[in-house]
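Number of protein chains: 2
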Amino acid sequence: MTSSETNSMSARAIAKAVASGTLSAQEVTEIWLERIATIDPALRAFIHHDPEQARALAAVASKGPLAGVPFGIKDVIETGDMPTQYGSAAYLGWKPCRDAPVVHFARQAGAVIMGKTVSTEFATAAPGATVNPFDAARTPGGSSSGTAAALGAGLILMGLGTQTSGSTIRPAAYCGVAAMKPSPKLIETFGVKPLSQTLDVVGPMARDIRDLALLVSVLMRRPELAPDILAPEGELPLATTGLLLPVHDPVADFAPLERAASILGSVTPQAVPDWFEALGPAQDEVFAWEAAASLSTDRDLHWDRLRPETHLFMERQRKGTFALWQAGMTARDEALRNLDALFGANEFLLTPSAPGEAPLGHAKTGPATYNIRWTLLGCPSVTIPAGFGPAGLPVGVQLVGRPGRDAAVLRQAAAIEDRLRSAGIEARPQIA
Amino acid sequence: MTSSETNSMSARAIAKAVASGTLSAQEVTEIWLERIATIDPALRAFIHHDPEQARALAAVASKGPLAGVPFGIKDVIETGDMPTQYGSAAYLGWKPCRDAPVVHFARQAGAVIMGKTVSTEFATAAPGATVNPFDAARTPGGSSSGTAAALGAGLILMGLGTQTSGSTIRPAAYCGVAAMKPSPKLIETFGVKPLSQTLDVVGPMARDIRDLALLVSVLMRRPELAPDILAPEGELPLATTGLLLPVHDPVADFAPLERAASILGSVTPQAVPDWFEALGPAQDEVFAWEAAASLSTDRDLHWDRLRPETHLFMERQRKGTFALWQAGMTARDEALRNLDALFGANEFLLTPSAPGEAPLGHAKTGPATYNIRWTLLGCPSVTIPAGFGPAGLPVGVQLVGRPGRDAAVLRQAAAIEDRLRSAGIEARPQIA
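Listed in order, the protein sequences are those of chains A and B.
For the first sequence, the numbering used here assigns the number 224 to the initial residue and increments by one for each residue that follows.
For the second sequence, the numbering used here assigns the number 224 to the initial residue and increments by one for each residue that follows.
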């Protein structure tokens, strides 16, 4: 098995080959270790990567639905055998006493954890060193920068991010990979450094939708979400999908979304209810009040070791109040009672994953404009690679479903991905 | 200031005296250290207590709304300067890297943490060594056994428990103290070893309702809940309250609840809707599926070091399924849409805190029959000390409000406590 042969294999094909003994986890790991050694010095997707440790993990990873799959864990998710620094100098060298359940589930399923991937500080504003795998002059997006970039560059085949505003969907779109923001509570968040009890979710990431479904099935402990069952290869039916375009966004480029919609054909514009915009500020207030609690020890005890962007973020939180939090939660609850007005006759909505391609520069990780409302509402969403934008950078489209309909969203995303690929529209990861 | 003088002081009076300089935190601490030294060897409420550490903390605790208040932290809540063993031999000597936000808030407010209090293993079934302060032959209740017993014996004046089924309300009632199960999300749970994302809450405990309100105001970051504002001494109005008696419970003794209701006068029986009973099994299924994830690393990696009761608990979880979890969540959501049928014309409901007095023996910590449905619904509840039962052990009554109405529940609980005390009904902590 050569590197170029494995390059074209999906994670699910590799896992099947490893579990059946036709490929060994060690062989797979060596190929990806070489790739990491070649590419990561410039990409800087990993904050912790130890080849010997990866080899030791590969030696015991011959079984399970993710057998031998090269895997990355965002640095804000706790690991019992690797440092967990939450993207912050305040936690240099910290080792938790155990794996987060999501890490444990991935390991039990046979994944080979290649290391910890770069996060912005505490998954908020201050970027890490990672660059975009398609253009080193651009951000990979954040806060799950490292997992998205490592996937986009083919350094891993699956990984974990997190999302509180748009920290999974946006970087995945910028790096040309697939990712899911699940409904709340469906994937255990214990061991993820929290920002907001209401908003935080673990964000699974992969190279395509079926690999993503496989990972989600493991993390949710739901074998019926495995791609062979959920979305077998072949013509999958397309359920009714509305096209949700925001009322006004002068900076956004909706051409990739409109291109995808025109390929799909049956996607019809859906009117945006007038209360939808206000969910943005509502998400911000819920975030502010809750993060002021979850980050309180860091703010009070580690201030001098935190980054200037984190200081600004924390100053914003100080302006949050309980009354504004309550108003934000009330706006969310009212919106959830009126979801029919948002979805119309559609089972799903198709919206931008991000306002456009990854922006130039590394000081910021891009806006979460098209993510924050779904995070607040708890609507599951998936970003589907949807080709390239005018600057040659990958773009994604975001499929959104009603809360709890995660399986249906994944199935529809696979159907959409199939149709886009048939039309030559994809964002194949940047593999050397 | 002598020990007998401080004995009769509330936590809020002590905090005011310390903050104003008429009493020092060190003086207060020495009195409570002596009490712990005398009583705790038999009570066994503390799993970690170091007098020198408490003295050092007292030296810097002269300011804030909880200035100098002797305080206890349940062992499942993380502390940066004291061991956190989650009630389990699997974590002997473990030290987290920081305080949970609730611990941090209590410290910032001036509380003097006297130590970590006994929890059942992982806040589930296997009891610790603590006995009931009113009768050493009986359980103090659980899983927040140590905080409840330490408060009941006067070894602390405030403390933290947690609740997933009935782990705060029940032990508080058994030990003659006040406690609150808040609405979800109002008190940050980061740093509490999780069992269930949906059900877990931090449970503040104190000796009376006004001290409880002071603690809640600190933990919720809501100064308007401080007792001077929320429930000033004097005649507080009683809002409409229904008496909710379960349909059938052959083992329960409702006499204390009926006595309290007759003193209050305006409490009228409220019919129990037919769907109410089914919320018990629903809570159990939500708990099972979520705890199977949150405890997965302990189950898979620490099995041999866990207690037999924990093994049984974990075996129960294995029977949980996603479909049963979904059904439980659906039952909850339907009940929340029909709360009017449960509350009737009442703003509050009065129900038992527990089926009766603390049972004899230490193998179990008592049933959570009257707590699990409120935990599932996210209704705030407060247990109010309500005198003694037939065996001479303390009993409590539980006041329940609609989700989010925590302030109103505390105010009404203060009004009820005042009326019970005027009638000579209270459960004064067992202070030597």
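It cannot be assumed that every hint is accurate.
Just so you know, same-sequence chains aren't split out, so a pair can sit in one copy or run between any two.
Claimed, not checked - BS3-like mimics (lysine-lysine), calculated; alpha carbons at most 30 Å apart, straight line:
#1 Lys286 with Lys542
#2 Lys542 with Lys318
#3 Lys286 with Lys587
#4 Lys318 with Lys239
#5 Lys587 with Lys239
#6 Lys542 with Lys239
#7 Lys542 with Lys408
#8 Lys587 with Lys542
#9 Lys318 with Lys408
#10 Lys318 with Lys587
Calculated from the structure, these hints are not laboratory results.
Bear in mind that the values here come from a model prediction, so they are computed numbers and not experimental data.
Item to check | Hints the structure fails to honour | outcome: Going through the list in order, the structure violates hints 2, 3, 4, 5 and respects the others.
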